[in-house]
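A.B. asks: Make the full structure from the sequences, and use the hints.
Number of protein chains: 2
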Amino acid sequence: MTYYNKCNSSKNEKSELYESSDFFVNFVLQNRTLSFKNDKTKMAKELKELTSRSENYSQWYNDLVLKADLAENSAVRGCMVIKPYGYAIWEKIQRQLDDMFKETGHVNAYFPLFIPKSFLSKEAAHVDGFAKECAVVTHYRLKNDPNGKGVIVDPDAKLEEELIVRPTSETIIWSTYRNWIQSYRDLPILCNQWANVVRWEMRTRLFLRTTEFLWQEGHTAHATKAEAVEETEKMLEVYAEFAETFMAMPVLKGVKTANERFAGALETYCIEALMQDGKALQAGTSHFLGQNFAKAFDVQFLDKEGKRDYVWATSWGVSTRLMGALIMSHSDDNGLVLPPKLAPYQVVIVPIFKTSEQLEEINQKVATIVSALKIQGISVKYDNSENRKPGWKFAQYELKGVPLRLAIGSRDLENNTVEVARRDTLTKETLSCDNLDVYLKQLLDDIQDNIYKKALDYRTSKTVYVDTYEEFKEKIEEGGFILAHWDGTSETEDKIKEETKATIRCIILGGDKTPGICMFSGKPSAQRVVFARSY
Amino acid sequence: MTYYNKCNSSKNEKSELYESSDFFVNFVLQNRTLSFKNDKTKMAKELKELTSRSENYSQWYNDLVLKADLAENSAVRGCMVIKPYGYAIWEKIQRQLDDMFKETGHVNAYFPLFIPKSFLSKEAAHVDGFAKECAVVTHYRLKNDPNGKGVIVDPDAKLEEELIVRPTSETIIWSTYRNWIQSYRDLPILCNQWANVVRWEMRTRLFLRTTEFLWQEGHTAHATKAEAVEETEKMLEVYAEFAETFMAMPVLKGVKTANERFAGALETYCIEALMQDGKALQAGTSHFLGQNFAKAFDVQFLDKEGKRDYVWATSWGVSTRLMGALIMSHSDDNGLVLPPKLAPYQVVIVPIFKTSEQLEEINQKVATIVSALKIQGISVKYDNSENRKPGWKFAQYELKGVPLRLAIGSRDLENNTVEVARRDTLTKETLSCDNLDVYLKQLLDDIQDNIYKKALDYRTSKTVYVDTYEEFKEKIEEGGFILAHWDGTSETEDKIKEETKATIRCIILGGDKTPGICMFSGKPSAQRVVFARSY
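Going down the list, the sequences are from chains A and B. Per numbering that gives the first Met the number 0, the very first residue in the first sequence carries number 0; after that it's consecutive. Per numbering that gives the first Met the number 0, the very first residue in the second sequence carries number 0; after that it's consecutive.
Worth flagging that the hints you see were computed from the coordinates, not collected in a lab. Every value quoted in this text rests on a predicted model; they were computed, and no experiment measured them. Check before you lean on any hint, since a few could be wrong.
Claimed, not checked - Once the Cα atoms are required to be at most 20 Å apart in a straight line, the calculated DMTMM-like pairs of lysine to aspartate or glutamate come out as:
| no. | chain 1 | residue 1 | chain 2 | residue 2 |
| --- | --- | --- | --- | --- |
| 1 | B | 142 | A | 160 |
| 2 | B | 474 | B | 276 |
| 3 | A | 373 | B | 102 |
| 4 | A | 278 | A | 331 |
| 5 | A | 461 | A | 473 |
| 6 | B | 91 | A | 102 |
| 7 | A | 380 | B | 497 |
| 8 | B | 131 | A | 153 |
| 9 | B | 148 | A | 331 |
To be verified - Among the chain A residues that face chain B by a calculated CB cut under 10 Å, a handful are:
| no. | residue |
| --- | --- |
| 10 | 116 |
| 11 | 133 |
| 12 | 404 |
In this text, a Cβ means the ideal position worked out from N, Cα and C, and glycines have one as well.
C.D. replies: Written out as structure tokens, the structure reads:
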């Protein structure tokens with residue numbers, strides 16, 4: 000774990016100032032019980048050079064992703080490098096989701112990266128949706144430039160049919176399922192794959208919208224429509240449960256309007272989260288594909304009565320975009336705030352010492368703490384590296400969102416105490432080492448609950464009901480979810496989007512079905528829908 | 000877990016014959032204590048239509064990969080679909096290796112799929128090695144064919160610089176490391192990534208050589224040559240330990256000759272395994288890259304004395320090729336033989352019943368067995384599906400290499416017994432259910448040891464010392480490893496390869512250093528090296 004430090008790229012010149020003095024250490028030792036949050040925040044901010052959210056939210060996000068060593072832009076336009084600390088969070092997300100997929104009966108498989116161009120064309124809506132953002136492989140060999148300038152594409156190695164780097168895998172998978180399915184006995188097929196996909200985005204942002212991204216895509220095949228719809232809804236529930244329980248991120252569960260549907264789907268279910276700047280973020284989608292892909296690839300089966308029919312399909316996915324959602328849901332001007340359930344380490348321990356004898360004593364004490372915490376299933380990092388001062392470490396782990404920071408010095412050894420700082424509230428308390436493990440386990444649960452509650456309170460405060468278009472145009476500037484009546488037409492939806500940049504995020508599942516009048520057209524509305532500006 | 004069945008694509012017409020009679024069930028019930036291995040083997044063979052190894056080894060391999068539902072060819076030339084059962088084994092491999100990488104201080108990260116063409120050219124040997132097998136992305140958009148024939152590549156969306164789908168990631172990673180490394184304090188960097196790579200192979204074989212494959216690639220950066228060499232050797236040890244302990248596959252550890260080195264490496268270490276047809280298979284490589292990539296991408300650092308120097312590099316990888324090695328190391332004419340440590344499920348339980356009352360009784364008994372096995376950490380599948388007969392299930396799980404099969408019928412319930420069949424030896428015994436869990440745990444360990452020993456005995460029997468080229472040419476036809484003297488020149492190596500198709504697999508690390516006379520040229524030889532024909 001100590002490697003995370005080493006892999007840091009943030010080389011902060013200003014931090015040297017603080018490192019070269021013992022100011023911070025003394026300050027910490029002598030003012031343990033005082034609140035020095037303001038000074039420290041100021042100092043940490045300088046150390047980290049993080050733009051504040053109020054100053055420029057978008058810049059804050061970008062700064063944070065870079066400074067917390069989550070990801071960075073690569074030499075390839077629109078493609079990112081996911082750095083070790085960012086990837087460690089993604090691994091936690093993967094592991095948890097994978098367990099949940101398996102608990103619900105799914106298995107993993109792997110399908111090719113490349114899709115023959117002709118496959119994409121087989122489902123009309125699908126190709127319309129993806130053709131404009133495809134990376135296309137046309138050749139399979141390079142050769143030395145006869146003019147001696149490195150290598151060039153070998154014109155003799157042109158592919159007969161171009162290959163598309165998968166933007167999503169429905170087509171290649173359904174062409175495969177065709178050989179797997181003959182009778183109802185072969186159904187359902189419940190496959191998932193963890194993979195990279197490429198969509199040639201013109202404007203990219205780390206994690207939120209990148210040309211290449213990592214994701215999982217589930218692709219299931221069923222004998223009946225009812226079973227496929229049930230699967231679509233089940234996976235939406237899995238996503239919602241994951242978002243709320245593990246990411247501590249409240250989500251609305253709903254269905255998309257026709258405009259916002261996945262290209263090739265009959266119905267797209269989604270979870271929508273609200274970011275701290277009042278913009279919505281689609282965090283996961285689950286599609287009921289009907290028989291569209293089965294028809295496109297002629298996948299039929301014999302049912303129990305011996306009748307032939309097309310197979311029913313679903314697909315569902317979440318991506319590294321969740322990292323962006325996670326960052327923007329909880330983090331603050333001091334850096335990342337991670338929910339304990341997804342933190343690469345939940346507790347970091349920093350020794351405060353002047354001499355190597357002191358360090359040695361602290362090491363021994365910490366060893367017993369660490370082993371007690373591990374027994375409780377708590378992941379812990381002890382950072383006793385000597386090349387960084389405690390002040391730097393404090394700022395660093397705050398920036399990286401470690402839920403709990405323990406500091407322990409010589410006086411603590413005498414008193415059998417430790418200082419415990421919470422990342423979410425930035426509060427500190429001095430605690431006895433007795434039963435510390437049990438206390439911290441509970442504290443981590445409290446933090447998980449607290450940041451969920453905070454996000455939920457925020458969403459509640461930013462969710463309004465609006466009945467007139469005038470009010471809508473006013474409120475949309477403030478951000479948040481707006482529940483308003485809509486006449487159900489794409490035309491109205493398009494005009495509202497054009498005039499306000501707001502889209503219908505979803506029609507909430509099981510939401511209030513009271514009819515009303517469309518705020519825009521004055522026509523009848525079946526129910527309120529959720530509007531917002533979005534990522 | 001029952002899903003594996005559902006995702007099977009093997010639809011064997013002949014099996015219907017057996018399913019429609021109770022022959023097999025009765026046979027099993029009445030002849031429990033007799034050996035009916037021969038009949039059963041014959042029957043299973045028909046069921047599975049598996050070519051025997053002696054008949055056609057290559058066909059046997061291909062049949063097995065398909066029939067055991069491990070993988071299949073996709074619609075994209077040279078790219079495979081890894082099916083759920085095959086992928087479950089790969090996941091076991093991944094998880095174990097990943098744990099071992101982390102225990103040795105490595106972290107995961109993710110780098111872009113695409114490599115700008117100019118990057119490949121920066122390291123001369125590297126580009127020579129990979130240019131001829133590169134998938135090249137030249138465009139980023141499709142558009143509707145004006146002639147109405149689906150979609151075509153949009154000529155207006157041509158990339159200024161072509162992108163290569165990574166065949167390996169040294170270049171993109173070292174261009175990134177340049178920004179991560181300034182001083183010795185930033186070193187070492189110990190990153191690994193799990194990724195897909197593409198090498199445009201002309202002749203492909205499932206798992207062994209495919210255009211796209213999955214792998215991990217470690218890329219480390221060090222301040223000193225000694226440290227980089229130590230890392231290279233450490234990772235070779237990790238691979239060897241994994242191969243022997245988990246795959247039950249004995250390997251030779253050695254270094255490659257200059258001819259066989261990775262393109263861009265100063266030294267390539269490898270593990271070499273011997274397959275059942277006497278051909279060698281390179282199962283993993285670990286490269287000492289010297290300062291080649293640091294120089295190509297100008298990655299320098301300030302050492303402790305304030306002197307600038309280029310960074311030292313290693314890279315190391317294993318791929319889905321390990322699946323091929325695993326299959327060919329242990330499997331037999333009845334199907335796959337999996338080492339318990341990598342089997343998706345270690346035990347399968349098949350109930351033998353005629354009435355649903357019998358099944359209900361067996362279900363209850365099995366529930367207690369399953370929970371006892373799970374407490375022992377044994378993964379178990381209970382297949383009480385009613386749409387397949389026991390005979391079909393027996394053949395199926397034998398084909399899929401499940402290490403232990405338990406059969407339980409009504410008489411077993413009366414006697415508190417169960418029939419236990421070992422996949423590796425095809426032997427059966429009837430055992431008391433008392434302490435079954437402890438016994439089976441030990442038995443799984445025994446199987447793991449036994450298949451390793453069997454593979455090792457085979458390798459020993461196929462490893463010979465040869466002193467003359469005449470004898471060499473004779474022995475090479477028999478397959479196996481040949482230890483012979485070689486004069487150390489690429490010229491001799493090339494000629495031997497040309498004449499016999501044998502290559503030098505490796506120079507064994509810590510091997511016998513007794514000098515001798517080259518069998519081919521008669522010139523002095525520093526030591527014997529290992530020759531073989533290979534995959």
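A.B. asks: Would you list, in rising numerical order, the hints stated earlier that this structure does not obey?
C.D. replies: When the structure is compared with the hints, numbers 7, 9 and 12 turn out to be violated.
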